[in-house]
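S.K.: The primary structure of each chain is shown beneath.
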Amino acid sequence: MTKTEARLAIELRGVDKTFYGVHANENVDFQLEAGEVHALLGENGAGKSTLCSILAGLYRPDSGEMLLNGEPTVFRTPKEALAAGVGMVYQHFRLVPNLTVAENLALGHPDLGQRLNQKELHNTAAELGERYGLPVDPAARVWQLSVGQQQRVEILKLLYRDVKVLILDEPTAVLTPQEAEQLFKTMRQMASEGRSVIFVSHKLHEVKQVSDRVTVLRGGKNVGGVDTAEAEPADLARMMVGRDLVLPTREEAEGFGKAVLTVTDLMVDDARGLEAVRGISLKIRSGEVVGIAGVSGNGQRELAYGITGLRPPTGGKVELDGEDVTDMNVLAHINKGIAYVPQSRLGLGLAPGLTTEDNLALKAYRRAPYSKGVRLVASSFKEKGAEMIERYDVRGVQPGLPIRLLSGGNLQKALVGREVELEPKVLILRSPTRGLDVGATEAVRNIVLAERKRGVGVLLISEDLDELLALSDRLLVVYEGQIVGDLQTNEATAERLGLLMAGQTEAST
Amino acid sequence: MTQRRFIVEPRGLASIRLSIAVPVLSVLAALVVGGIFLALTGENAIEVYGEMIDAAFGSSRAISETLITTAPLILTGLAAAVAFKMLVWNIGGEGQLLFGAIFASGVAIWLGDGTSSAIAIPVVIMASAVGGAFWASIAAIPKVYLGTNEIITTLMLNFIALNIMNYLIFGSNSPWRDPESPQFPQGRPIPESASIPEFWNRLDYGIFIAIAIALLAYFLIYKTRWGFELRIVGDSADTARYAGIGVSKKILGVFLLSGAFAGLAGGLFVAGPVGGLDPRSLDLGLGFTGIIVAALARLNPIAVIPVAFLMAALINAGPALQSIGVPSSTVTMLQGAILIFAVAGEFFIANRIRRPERTDAAPDKTEAAA
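Same order as they appear, the protein sequences are chains P and L.
By the count of our numbering, the first sequence reaches residue 509 at its end, each step adding exactly one.
By the count of our numbering, the second sequence reaches residue 1370 at its end, each step adding exactly one.
Keep in mind that the hints were calculated from the coordinates and are not lab data.
Note that the structure is predicted; figures quoted are calculated from it, not measured.
Glycine included, C-beta positions come from ideal geometry on N, C-alpha and C.
Careful, some of the hints might be misleading.
What the hints assert, rightly or not - Looking from chain P toward chain L, a few residues come up when the C-beta cut is under 8 Å (computed):
{"id": "1", "residue": "Pro312"}
{"id": "2", "residue": "Leu350"}
{"id": "3", "residue": "Ala351"}
{"id": "4", "residue": "Pro352"}
{"id": "5", "residue": "Leu465"}
{"id": "6", "residue": "Leu469"}
When you get a sec, could you build the whole thing from the sequences and use the hints?
M.R.: Listed below in structure tokens is the structure:
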């Protein structure tokens, strides 16, 4: 072993992985050094998640090899990877909600016997949490925790197993700016102990702030690695997209029209029957984008459900163009002009097993030209579908194939396109660019701004502050089901919003 | 190298050729396995299969008898296919068939001899659909409004329906029972005017009714708004709710339609070959066989037609086997084997297995800089 090899924690050589005949990773070389925070940048569908999943043993590459500390290694399962000291925190957490934090840490740990020493376990959990700045109550049950706290549990789980390589897949997507700051400190500390951290992100400023080196993936290939200190954000963006790119920003509006959506003292329960929206009032005028900022799980979903009729409110009023629609069903909301882009694309917004054409007709099929009496007009599905696929630049559509095979960006373009095609009066969007690459983000934001210009009232519910600041005319901050802040966009800063999102009132200002 | 010998990957679109080839191969594979089993028990498999083919297709009478069994099987196959398509696990085709028969024979007897066939036959057939839907509703309504598990309720309702029929014939002097035959309880024959006319041996026009209903079901599912909504609900109930579709009503509707199809099978039996509520001729397990038909047809209403014909042939071959000293349960075993192979075959329709390309032999691969 030479000296340079000794510093490498993991090396990939010529790794290939195909899905449906498409290369998710193509001949990728990747070197991870011991004791570094290594950022993995790339658009959606660039192959970041595939690469991480290969490292974590979830996928096996079709070809190519992996060296762990210089030794050729094959991980057949995530368990083998963990045993070798490589662990991953997935975007969707893999915790058992009904167990306590400590029990989740113990779960699957090879050195623990059948009987758990709860006390010892709690002590270790508390100790680890303190040492890494990841405080969490070991006795709390996971379902009681916020998303940010659950993420801490995931990281603690890996640290408890003394993992040497931690892979964090877009960890900051669910955090407030302050929580993200804390996570970065934890990442730096782990690196200083000689562990390696792979940090997947879309956000250039985070990459710049926390990482030592950056590897950029594009179209499944490694298009270059650089030391972070030498990298300019603009250069990184160019490497990611392969071209220069400017995200659209809103022009100041001259004035807004009359109120199209008025919500008064709205109360909505969550799926468990607990109050999730606790008296929210808001007003959206024609041509106005109102942003709702907040950490996820503070009633955003229920707010959208309440306004669109998906969950009947337990109190309050929703008025569309002056008409009370509170107690109407979902179909009536659609017909009266409320369009809704939910956060879960394949779980709610689209029927994953149906074709793209069918999905583009998912709401309009009841009217001409899709329907003639009780009959469907197949040619209209085809023609209108082709038209919308072209207009909204949905790529990768193959006739007859289910829509779920499209990439996230194309799914979202189809979904947003279908909703605005209904020519709504009010457009509700939840995290519309979450997980999207820069190109698709640009496309979606352009559609939203075009709708605003057309005089649509837009309610933008998002956890992405950059997006909220770029698109909104006015920002409301939601915390525990109530509006705790109401600001003009020009008086909002990430700092101020972050404090409000964490439930701090603005008494001091 | 981590080069692997085989790669399993999902096919995007199942090819039509494969979706025909796989069921055919499943049947062949089941016959081979069955043949091995027959050989082990000392039978000559070729001879047994020859006998079976002869019994099912060997004469104009054999073919017409096979077609007689085909008609109700198409309908119980459809009953399973439309329900399963929406993830409604109605396995109560058996009981719904019997209730269709009870309603059909009851209405036919009540109408009596005085009604013209042009009215009596459609009314009797409609009654069977209502009977099947009614029996399905006992499971469907609690499922939709209370969330009960329809697998359990429909299964149990099969036994209740069977016992009700037995009570009507064996346990009471109900109007369904034939008063002319007090010693040997049997169903009262329905009036001639309510019977579907025969046109070839014992074969009646019911087979065309069954085929027409299968085509209608195809049209309903693939060409109408109702069917589109049904496919959305079957794919994702949450998405359907989001698109403004009344999911509960939809599930209830499909469940009742499924029951109506199974009920029609009983109606065709009563108005056709059986001619009354006769337990011995109705309790053949055609409701359950319909599940196998639907699975082999991959829930496609049109494919149900040929598959039902094939299964009918298998069923009719059973009694013939006994004459050469082979237990007729051989047929049940073959049915089971076919189902297992068909379900396993699904994997090959949905996935493709290939050898990996040799990527190590391509050193000239350069990075395409855009």
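S.K.: Does the CB of Pro352(P) sit less than 8 Å away from some CB of chain L?
M.R.: holds (6 Å)
S.K.: Given a cut of 8 Å on the nearest C-beta pair, is the interface hint for Pro312(P) held or broken against chain L?
M.R.: Because about 12 Å separates Pro312(P) from the closest Cβ in chain L, which is outside the 8 Å limit, the hint is violated.
S.K.: Against chain L, is Leu350(P) within 8 Å by beta-carbon distance?
M.R.: With a closest approach of 6 Å, the Leu350(P) hint holds.
S.K.: Once the shortest beta carbon distance from Ala351(P) to chain L is found, is it less than 8 Å?
M.R.: Since chain L brings a Cβ to about 4 Å from Ala351(P), closer than 8 Å, the hint holds.
S.K.: Let's test the interface hint: is any C-beta of chain L closer than 8 Å to that of Leu465(P)?
M.R.: violated (27 Å)
S.K.: Have a go at the Leu469(P) hint: is there a Cβ in chain L nearer than 8 Å to its own Cβ?
M.R.: Violated - the Cβ of Leu469(P) stays beyond 8 Å from chain L, reaching only about 29 Å at its closest.
The earlier numbered hints that this structure contradicts are 1, 5 and 6.
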